[in-house]
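J.: Here are the chains, one letter per residue:
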Amino acid sequence: EAQVTQNPRYLITVTGKKLTVTCSQNMNHEYMSWYRQDPGLGLRQIYYSMNVEVTDKGDVPEGYKVSRKEKRNFPLILESPSPNQTSLYFCATMPLILALQGSYNEQFFGPGTRLTVL
Amino acid sequence: DAKTTQPPSMDCAEGRAANLPCNHSTISGNEYVYWYRQIHSQGPQYIIHGLKNNETNEMASLIITEDRKSSTLILPHATLRDTAVYYCIVGVTGGGNKLTFGTGTQLKVEL
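Chains as they are written, first to last, in the numbering used here: chain A, 6 to 123; chain B, 544 to 654.
These are calculated hints, taken from the structure and not from any lab test. Bear in mind the structure is a predicted one, so any value in this text is a computation, not a measurement. Idealized CB from N, CA, C, for every residue including glycine. Treat each hint with caution, since some may be false.
Simulated restraints, written as ranges between beta carbons of each label pair [claimed, not checked]:
#1 A:P100 with B:H620: 28 to 34 Å
#2 B:Q585 with A:L101: 34 to 40 Å
#3 A:D64 with B:Q588: 35 to 41 Å
#4 B:P550 with A:Q8: 29 to 35 Å
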């Protein structure tokens with residue numbers, strides 16, 4: 006079964022305590038990305054990756070890091086979380102060929118991670 | 544990137560057709576229109592997409608105007624489980640590096 010998994014699903018933490026949200030997919034997709042979703046702002050892209058060792062900034066990258074050492078994993082790292090990073094986070098994947106075409110009909114989203122930073 | 548405009552909310556009676564409009568007046572000639580929906584904080588789910596012609600699948604129909612400046616997603620027989628936020632998105636061509644979701648339309652299907 007095609008799956009995108011995120012861990013943890015829920016996390017409450019404190020300001021400044023480094024955390025990592027993992028994303029893993031079993032569809033052999035090259036393209037992966039992270040979004041955050043906030044009330045009234047819709048989904049905003051944080052970072053994306055076209056393939057292993059290739060990452061780039063999305064619309065709201067400040068305060069986040071990512072890495073892509075393996076094709077299946079794309080962790081999101083918050084080195085020093087702040088309360089304004091309290092949000093609902095989604096990981097998404099798709100085949101690279103479709104991403105390059107701008108064809109987003111096969112983008113799979115993970116179940117989401119609800120993060121609260123106190 | 545072409546931006547989209549959608550009404551913030553709509554109501555629909557169960558069993559009736561839900562027609563969700565979207566304006567994308569700055570769409571480029573080779574950009575597709577995509578529709579996703581999100582049910583209560585779950586990950587967004589792809590519904591349908593199109594370029595010029597009307598499209599239909601098992602979930603919905605997509606009607607795109609001839610000038611491509613607007614489109615309508617039609618759920619022919621809405622059910623309570625169709626209550627969700629519906630996003631209209633225009634795909635970026637070339638780099639495919641950014642997919643921008645707006646605020647969408649909150650569809651509420653009621654008895």
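J.: If a hint holds in the structure, say so; if it doesn't, say that too.
T.: Hints and how they fare:
Restraint check, P100 (chain A) to H620 (chain B): a C-beta distance of roughly 32 Å satisfies the suggested window 28 to 34 Å. Checked against the hint of 34 to 40 Å, the C-beta distance between Q585 (chain B) and L101 (chain A) comes to roughly 25 Å, which is inconsistent with it. Against the hinted window of 35 to 41 Å, the Cβ-Cβ separation of D64 (chain A) and Q588 (chain B) comes to about 22 Å, which falls outside the hint. Our hint of 29 to 35 Å for P550 (chain B) and Q8 (chain A) holds, since their Cβ atoms are close to 34 Å apart.
In terms of the numbered hints stated before, the structure departs from hints 2, 3, listed from lowest to highest.
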